[in-house]
Every structure is written in C-alpha cells, then in structure tokens.
Amino acid sequence: MFKKILIANRGEIAVRVIRACRDMGISPVAVYSEADLGALHVRLADEAYPIGPSPATKSYLSIETILNAARKSGAEAIHPGYGFLSENTTFARACSDAGVVFIGPSPESIALMGSKVESRKAAGRYGVPMVPGTVDPIRDGKEARRIAGSLGYPVMLKASAGGGGKGMRLIRSEAEIDDALKLTRAEALASFGDDAVYVEKFVEKPRHIEIQVLADTHGNAVFVGERECTIQRRHQKVIEECPSPIMDPDLRQRMGDAALQIVRAAGYVNAGTVEFLVDGAQNFYFLEMNTRLQVEHPVTEMVTGIDLVKEQIRIAAGEKMEIRQQDIAINGAAIECRIYAEDPENNFFPSAGKIRVLTTPAGPGLRDDSGVYEGWTVPIDYDPLISKLVAWAPSRHDAIQRMLRALNEYHVGGIQTNLSFFREILNQPDFLKGDFDTGFIDRWLKHRSASVATSQTDLDLAVIAAAVFDVANEPSQDHSAGQRSAWKVAARLRGMRR
Amino acid sequence: MFKKILIANRGEIAVRVIRACRDMGISPVAVYSEADLGALHVRLADEAYPIGPSPATKSYLSIETILNAARKSGAEAIHPGYGFLSENTTFARACSDAGVVFIGPSPESIALMGSKVESRKAAGRYGVPMVPGTVDPIRDGKEARRIAGSLGYPVMLKASAGGGGKGMRLIRSEAEIDDALKLTRAEALASFGDDAVYVEKFVEKPRHIEIQVLADTHGNAVFVGERECTIQRRHQKVIEECPSPIMDPDLRQRMGDAALQIVRAAGYVNAGTVEFLVDGAQNFYFLEMNTRLQVEHPVTEMVTGIDLVKEQIRIAAGEKMEIRQQDIAINGAAIECRIYAEDPENNFFPSAGKIRVLTTPAGPGLRDDSGVYEGWTVPIDYDPLISKLVAWAPSRHDAIQRMLRALNEYHVGGIQTNLSFFREILNQPDFLKGDFDTGFIDRWLKHRSASVATSQTDLDLAVIAAAVFDVANEPSQDHSAGQRSAWKVAARLRGMRR
Amino acid sequence: MKHRTAVIAGKRLETAWIETETTIEATVDGRSYRLEKRRVSEGILWLCSDGTSVDAFVTPRENGYEVIIRGKRTFIEFEGSRRRLLRHTGAQEGAVSVRAPMPGKIVRVLQTEGAQIEAHQGIVVMEAMKMQNEIKAPRGGRIAKLNVATGDAVNLGDLIAQVE
Amino acid sequence: MKHRTAVIAGKRLETAWIETETTIEATVDGRSYRLEKRRVSEGILWLCSDGTSVDAFVTPRENGYEVIIRGKRTFIEFEGSRRRLLRHTGAQEGAVSVRAPMPGKIVRVLQTEGAQIEAHQGIVVMEAMKMQNEIKAPRGGRIAKLNVATGDAVNLGDLIAQVE
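Residue numbers (the numbering used here), protein chains in the order written: chain A, 1 to 498; chain B, 1001 to 1498; chain C, 2001 to 2164; chain D, 3001 to 3164.
You may find that some hints are simply not true.
As the list claims (entries may be wrong) - Not the full set, but computed from the structure, chain C residues with beta-carbon under 10 Å of chain A:
no.	residue
1	2022
2	2049
3	2058
4	2069
Stated by the list, open to error - Far from chain A, some chain B residues (derived; all Cβ distances over 12 Å):
no.	residue
5	1098
6	1142
7	1245
8	1260
9	1364
10	1369
11	1370
12	1408
13	1409
I should point out that these hints are in silico values taken from the structure, not numbers from a laboratory.
Every residue, glycine too, gets a C-beta built ideally from N, C-alpha and C.
Kindly produce the complete structure, drawing on both the sequences and the hints.
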C-alpha cells in the first residue's frame, strides 16, 4: 500500500480524500493556490505545497507544478478528485511518465469515455441502448437545424468534451438554435478548452439515474447500486439519492449489467460512473461515463457501507477487490443535498466571501462533507460547492424527514447559500412521492414564493429579532474600529452587496 | 403516535432525543434551568419551559415543575433521557397519574431493577449467573470485614442505589475497608439519597460487557447485540465498542438469552441494558440492569442500523415492534469516546467555562452527539460530558484508525477536555489488540508521560506557535476592554485557573 | 424603549421593546411578548416566549433582513432604517439599479440602452466562479442606462444597468 | 524581530521571528523556517514550512502553553514571560500553592498542617460537578499551610494548601 498520496484538488473533495488517506494510515499531501492559503484541505494534510496564483489554470490545472510537488514530497500516487485534472489524459499520462500512480483509470479509458462520440460508438458495439442523435460534432447552425429537424424537437445541444451538467442546453424550437449554439460553444470553450458540440433527441420526462462501478486490475468488476440524480437545476445535480424511488431489482440488474458492458468496452479500471436517462416506461439510455469519483458518491457509501475512495486507493495499489457482486446490498435510503455558496433569492448567483458563522447539523444518520470552516473566506475562483449534506435512514421517507431536520439545524452566516431552497424542495408533494423528472426544479422555481407561511408568534419573533439586529446595526456615534461590534461590521460588509 | 414529547433532561442526551423526535415528525418540548438558558437542547426544541435554579435538585429533579411544563405544553409523553429522573419510580408514577406517558419501563420494573438486592434475587430465580456476594445492605465495617473475609479479597463495595460507575470502590485488603465504606456511603448519599452499600467478590481481570434489550407491550422482546464497556476510569465508562473484541456468536447468544431472562424476570417493557462482568474464561455474571437509555447507545445504532430512541418512542406509544431477533445483524464495528470537560493533566478535574473555539470532526463513518456549541458556557452544575464521538468502519481496526483521525480533527478551545487522553489510549498496543480489563486505564495512567514524542520540525513549529501566541498575549499598554484582543482576554481568563 | 416599523410583504407592523442581558419585553402590533433571550452567535438569536422556543437566524439582505425561524424565511424591511427593500414583485415605481452581485466578467450583453424589457428578462451574461449566469431585470420597464460592455471586468456592486 | 526563550521538559530553546499577515520567518536554536501561516481561529494557527503543514492548537496552561500538533501534545514555558510552569515532576524547589481548580465544596480533609506527604498524595476531597475528587499534592514535602476545612465552599483559584 502507498505510504503517501498527493491530492491534486481542493475544497470538500480534497478533504474527503484526505480523510480516506488518514483512515487508511496513509500520509496525505495537499496542494494549494494563493486563494487557498490555510484552506481546510491544507490544514488537514501532513504536507502542503503552493502551486501558484488563484485562477485554476495557473494552479490546480498546472500539471508540471503539481508533479513537482509530488516529486518533492515523495508521494507514490496522486488522487485527482473530480473536476480539474481528474479526466485529463495528458495528466494521467504525465503521472505515469513521472513514475507516480494516477488513482483512476488508464489514459486510454479516460480518452475513450471523455469523447462523447467515441464513447457512444463503444457503447453501441456492446449493445448498450442510447438516446438517438449525432455522434459526431456538428459544424454549424445549419447542420444543427437539419439534424434537430430529423430527430424532432425538443433536442439537446451538448458539448462533446462536457460533463457535470456544463455545456448543455435544451432547445424546444428551431428559432432557439443559433443563440443556444453560440452560448454552448462559448461555455464549452471556456470550461473544457474545446468548442465541439453535438445534438441529441430530448427524452421527455426523463430521470437521470447513474450506476456506480468498481473494477480492479485483476479483471474483477462490480456495480454498486444506482444513484437517482434527477433533481437538477440547469443540468446541475442538486439532490441525489440511493436507491432511486423508481428502482426495482430487475431494472437495477439490467442497468448494472449495461454499466458493466461499458466497463468492458472501455477496459475500465478503478471507480467510475455510468450515467443513464430513464424514461417513464423504464427504458434506459446510456448518456456517458464519468471516469472519476462523483460528487454524489456518499449516498452509495451510506447505503452499502463501501468506502469508494478507499476502494479507489486499494485498486490503484494493485490490490484485488474483496467485494463480490452478491455481497453488495442496499440497506435503507440515503439522500444528499449539495450546499452551494449561491443566492437563490438572486438568481442563484455565486456568493463568495467570509463565513462568519457556521453551525453544522449532527446526530444520528448524518454526514456533512464540508470543505470550509467558520472564518474561512470562500474564494471567487472556484466552484461554489461548500458542503455535501447526506442523511441516511431505514426508509426514503425517514431519510427525507431527517434531512429536513438537518437542514433546519444548518446555518451559514456571512454568505448566501441554497439551504432555504432545499428546505422548500424537500416539502414539495411530488418530491416526497418520488414523482419528478429533470425539469422538476425549473418548473417549481417559476411559482416559488418569496416568503413561507409561518405562525403569528413566529412572525412576530422574526420581527423582534430583525429589529434587535437593526438597532445593533445602526451607525454608531463613534466610528473607531475598536468599538464596532461584530454585528455592525458584518452588517456593513453585507450592506455592500446589492 | 405522539404529536408532542417533553424531554426531561439536558445536554447531549436531550439533544439526541430532540433529534429523534424531529426525525419522526414529533414536536419536541425542552425544559431548562437557569444555567441552561439558551443551551443547545433548548435552541433545538419547538417549546421550552424554565424549571428553576441551576442545581439539579431544584430543576431537573423537580418532578412537579416538570409535570407542570408537560401540562402547559400539552405534551403526551415524557422522555427522561439517562440520569436525573430516568430511574425514579416516583416520577414514573407521577407521570402516569398526570396522564402523561413515561417513555420507559413500568415503575415496578424500575423499582425491582433499581434495587441491587431485589434485582439479584430476581435474576437468581431465573437462573442467571451472578458474582458471589451479599444481596442485603451491610450494617457496618465489622460486617463488611466479615463478609469480605469469607469471600476473599479483593472485594467490591457498591451503593445499593448506585449505577453509572458512581458509588463503587475496590478494596484489596481489610485495612482499606473503613475508609472506603465512609467515602462510598457519603457518595451514595449525595448521589442517590441512600447510603445503603453491599459487598461483592471482585472478579480479577474482568471485562464489562452489556446487552441491549428492547421489549414492547405486546410481549415481544429482542436483544440488540452487546457493548464492550471495559475501558473505564474510576468505574466510569470512557470508551465503548460494538462488537466486543472477545465476543463470539455462541457467547453472544448465551448472554443475550440471559438478558432476555432478566427482561422476563422484571416484566420489562421499552429499552434497557443488562450489564455483565465477563472473566477470562468467558464466564459471565449479571451485574445490574439499567432501566433506561444508556449513554453509549450510539455504538449499537451504528452497527445495527436500529434507532434505539425511535424504538423507545414507538414502544411507549403502544406500537408493536417490527424488529425480529433473526433480522438483527451486527455490521462492521463502532467505537465511542466520551468527550468530557475535564483536565487529564490535573487529575481529571471537571473544567467548566466558555467554549471559545469548537472544531468538530466530520466525514464518512462519524457521528458526533454533542450538547454544546461554540460560545456556550459549560455550567459547573452538571455532569461534564459534552459530546460522544462515534466512529464506524467495516472492521475494529479501521474504526479505531478512523476514531484517531477524528480525534485529531477535534478541538475544544477555552476549556480542558480529555481528547488528548483518548489520542494516547487509542495508540496503546493492548488496546489495539483488544486485550484489556477494567483496570486498564488506571494502570496505564501510572506510567503515562506528560509530553508525547514528536519530530524536530513539529517541535520547533510548536515553539513558534506558542511564542506567537505568547506575544499576542503580553499585557498591552492600554487596558481598555475595547482594545483587548480575544486572544488576550482568553489567556487572562485561563490564567485565573490554577 | 426602542421601536421600529417593520414592513413584511407590504404590510406594516409596529414594534417596540426593552432589552436586558437575558430578556426582551416587546410588543408587535399590540401583541405583548415577555422573552428570554441569548445572543448565541453573530446573527443567531435564541428567543423563548411563554413556551415557544426559536433560534432566529438573521441575515442582512437587500436593504432589509431575511429571518429564518424553524427553517422558514421571512423578509423584513424597516421604515426609516438605512436598509430598504430593493427587490419588489415587479410592480414597483421609480428607477432600479442593477448591480454586479460579485466580481466577474461580462461575457455577453443581451439588451441595448432604451430597450423595453419584462421582469426577469436577462440584461447581460456574466461569468463568475466558473459559471455563466444571466443578470436579470428585477422589474419590467425601459433600460435607461446600460453601463457595461462585453469583456468588461466588474466588481461587486458595480452598476450594470438602470431600469425605469 | 521578536524573540523568546522556550523551555520544554527542562531544555531551553532560543527562538526569534518576524511575522507578516501571511508569513513568519523564524529560527529555533539556529534552525531556520520560512513559514506560510493563517490565524484560523482563536488559538488555532496553521503553519506550513517547506511542505510540512500543521494546525497548531495552542492552549494557555499553568503559566505555560500546551500545543497540540498532529494530535501530539507539547508543554512549553517561556523564560521572562508572566507564565511559568507550576507543575513539575516532583523535584522542584520552593513552596507550591494548591488551589481549587473550580468552584466546589470540601467534603473531606485528608491531611493536617505540618504533615509530610508524598507527590500525588491526596490533601482534600472536593465535590464539584457531581463528582468527588481528591486534590493531590503536586510534589512531595511538608504541608506548610492548610487553608480549608470540611464543609467549606471554595471558588476557582482559592488557596487550599501550601506544600514546601
């Protein structure tokens, strides 16, 4: 087993991997940009190396700098987390060239699955069903209109190099195509350095369900249940569950078998996720394979007891998997909310800044995978995910009830978060019934009301609390720094934000 | 099911029960003494009622005041937690008289098992093995010497009304008897209002292992695995585990059967715990039954997935248990550390005061059942338990490794805690091997060294950190409150404590 | 005795109170409360009134406050306070400034000065924290001023447009 | 440039340093460190030196400091600082004051004034937070002064006895 692992990432996922290392007695090595001086992942590591200025292109995406840190520390392996270099074939190859184990699949598997075109071809060869559409990138608006016309609207426009919900757009009519093409190409170029896009038939009322797989270097492969990822906002997952409310053993087995076909098609090793669309008649279509750890992996861990990061590390170290397919059972239900530093009252705009107060929920059946701490300043340079809150209970109903309890305990002061947004979604009747598709959030947001009904007493107490705060918050006679209360300073800082 | 439950307790266990209520959609009602104004359990409740001054005798032990709060709130049931009124037959009867459900066994079961003498007689009738000794209270030192002489030293002196490790003393020779008797009687009187004590043969190299039981009002009873509670300091449990490192399926079955015999003997309903001593030859002896929730119940919950507090509430509401004996499986291993506000460097003296900084561990496989928050002042009036940290993993080795990781993440600033103490114990070879008895801690403390070996760099960094702190900490020119930094104030407050 | 006039969803409530270290005596529209209280932390106030126990999480927002109690949000504005609600439901009068909610870059301008737009229609596309987001009109009206161009770097609070 | 003379387990270490907002340049007994740093919270200092990353948890104790790094404790005293280590391993010189570590009640007095006692021998039994605890002698010697009697209520810091 490795003695030292470098984590080429930041935020909650770097913290998650560092904890797995410690849980295995492996020494974790962090890297950090200027914005991440003293970040939680750096504080929790045994060693930490600066890798450059705040923009990711100059730090977390800088292959040579990261490999230098690995060399300097003597780390035997690198865990890439998700995002950044996790699906970068150049990086995977550079690790191998530098004699450092890349904790993930081979560069060839990444390349194959990283190409929407090639991955669909490979899936097709192995008989895995797919959504009708083009495989090759489209040239221009004219071609897009022609293909969309033949598939029939609505269609999806997708970045060939995309993933994680970025670089995707729904097109309901021909009139939207030109604008959508421009915007998607621009985003694709900015996010992935490649503006190739393709067109696909849009599956109505689709659910997004993915299968977790694990494959070792000894030819063993298993699927580790599904994750229900249908609750998305603008193609970004926000709530994930295991099991899926629509799953039954037969569908799970068929989807698992299809996922393992993809593993075979890709010659895949390590942890990966095969994403499917599922329609109302339980037909499923291969979307793509994510050749890395998923953000939402904890829901799988909570219901199976399998630590996916530990398994990744063991597989990368060449160990033989001890998990057999027949031993994998889904016990109870888990649900995850992605806590973002963003403002649901202001069009979900990212909300960077200092976390002045942080109260996290605790107690039975909860897990909070956070990347921040009280006093930490969430930098503007990266993804605004600050934490993943996961609740487990014997049933879906109880897990949701527990999640609501946890959300009410959670408080992040100083920046805006989407906590209130989750408190409301988890009370929606259709959500509780498990009756939703990927358009659920966008439809619900249209008729969401600003204030939520509350009792007269609670309303009056809210008025009193705000009034007390407002008085503490008035401009004082004396403006010397020493006499400003923390409340005043906070309020002034917040007052700057329009 | 109940709509509203009053929790007649405080601290971490009140918080635990409140969370169970919320997880079940039940409205929790708190009570609080003057010292607990704004305590965590009060903040998390829907309603809260003041019940008097800080001393427990005037608040948390005040039956009439608590029942008045129950009446006023309209709570249909009362959960007593542990300690305080949880094993008080008068309270259980008063609840029943007031038409409020007491979440626990009948007053008769409490009375029977609350008496060491009667409980031993009952156990004897059902053929459950016991440690040789007196059943009746002893009159004086002379009688104690006579009985001890016939049993052979060492013997244990125990308060008849005792429990939780209080009111117990080991006597190795006749010379110690008189002093021990006085001290034990005084403690018994102060803690339980009853100075009756009895004598028992001391089992050499004993392990303390207890069996969790659940029994409903429909005649169903199950045992829910064991808890290894051998790691004690002065008869107070500090670390608990499930499973016990010495357990095998046969011994578990035999101990479980014996525990269910006690359930029958007591006509027991609700959750309870049957405590046994186990010697090196796997002989087990009934010690006592705790007729309430145990502090250490989370380790059982982590390995079985059964929520014991929810089960307590369901049973009290008259529901039929859905859990069948054959469905109960122990999955992986869990370990709990009791985090106390006490100072291992100063004879484990309780350390009340304001929590200035609180950093709690998180991530996979952890549960922190805390009763405090950053900024809270731990009152001097109650038990100094501030939190229970529990780690789960597929194996005992991995659970301990994870607990060590969690302990290193944990920091409580402003008061002293026993965190360092646990960090050291969990590295002891005998602990890791599972090779210990109830005297383990006391023997280890004798040769514990003040400082732990560390690398030259870490030592130098410690010097630099302390030096930077010391400078920030120097008496400033200006003593006005507005200009004192928080570090300085903290340091001054701490400086008062010798 | 302090007092404030609160405005919630257009409705006014008069409140007055006396505060000590551990208590507040208050009236809200004539309803009296004797409260026990604790300032738990910055922006967290525990209040207990005749049995009712709440943690109130207070966050300054848009010239008013968001208060969360039992997971439920209320937006409160105070008359005469320096904070006034900026965002209304589209029916408001006068000019509204649309400002950058955080530092970022304007990647696309969707409107022209003088154009008529509807509430929630996009004005510009801004990139920040790796995400492209449309900055939308808080109300319908005419774009009286358009202060940015494609490629502009903007800071938090910078004027993007005025809608009147 | 600041400097201090640290004492760890009787061994002296000279340290000097220059601190900025995000860095510390320091020497300890001639060993040089260029550190990146962040004051994370009261008593928590993150330091990073040539790869080595630590959270240092600093707690004032007994006229010195306890510093926890990677879960390992070090006790540090500074010469000339107002804080000096009180507790030694029993070999120390001079009189030692034994004080109440928290408010409580003396339930039993185990020694008499003038008595010879050994290190760690009990002087009184005190009840606090529901627990009876023996207050023990930090070193061996003679009880020069016994300041409490059975039944006395004591406050934090009250003198219980002097051992010399």
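These are the hints, each one checked on the structure:
Given the 10 Å rule on beta carbons, the hint for residue 2022 of chain C is violated: about 13 Å separates it from the nearest Cβ of chain A. Using the Cβ-Cβ criterion of 10 Å, the hint placing residue 2049 of chain C at the interface with chain A is satisfied: the shortest such distance is roughly 7 Å. Taken as an interface hint, residue 2058 of chain C checks out: its beta carbon lies about 4 Å from the nearest beta carbon of chain A, inside 10 Å. A least Cβ separation of about 5 Å between residue 2069 of chain C and chain A falls short of the 10 Å threshold, and the interface hint therefore holds.
Listed as a non-interface residue, residue 1098 of chain B keeps its Cβ farther than 12 Å from every Cβ of chain A; the least gap is roughly 26 Å. Once the 12 Å rule is applied to beta carbons, residue 1142 of chain B is consistent with being away from chain A; the minimum gap is 51 Å. Remark: the non-interface label on residue 1245 of chain B is consistent with the geometry, its nearest Cβ contact in chain A lying 19 Å away (cut-off 12 Å). Distance check for residue 1260 of chain B against chain A: the nearest CB is about 24 Å away, which clears 12 Å, and the non-interface claim stands.
Residue placement check: residue 1364 of chain B does not keep its beta carbon more than 12 Å from all beta carbons of chain A (closest about 6 Å). Distance check on residue 1369 of chain B: its Cβ comes as close as 6 Å (rounded) to a Cβ of chain A, failing to clear the 12 Å threshold; non-interface status is violated. For residue 1370 of chain B, the shortest C-beta to C-beta distance to chain A comes to about 6 Å, within the 12 Å cut-off, and the non-interface label is violated. Non-interface status of residue 1408 of chain B relative to chain A is broken: a Cβ of that chain comes within 12 Å, the nearest being about 8 Å off.
A cut-off of 12 Å between C-beta atoms contradicts the statement that residue 1409 of chain B is not in contact with chain A; the least separation is 7 Å.
Hint violations for this structure: numbers 1, 9, 10, 11, 12 and 13, all remaining hints satisfied.
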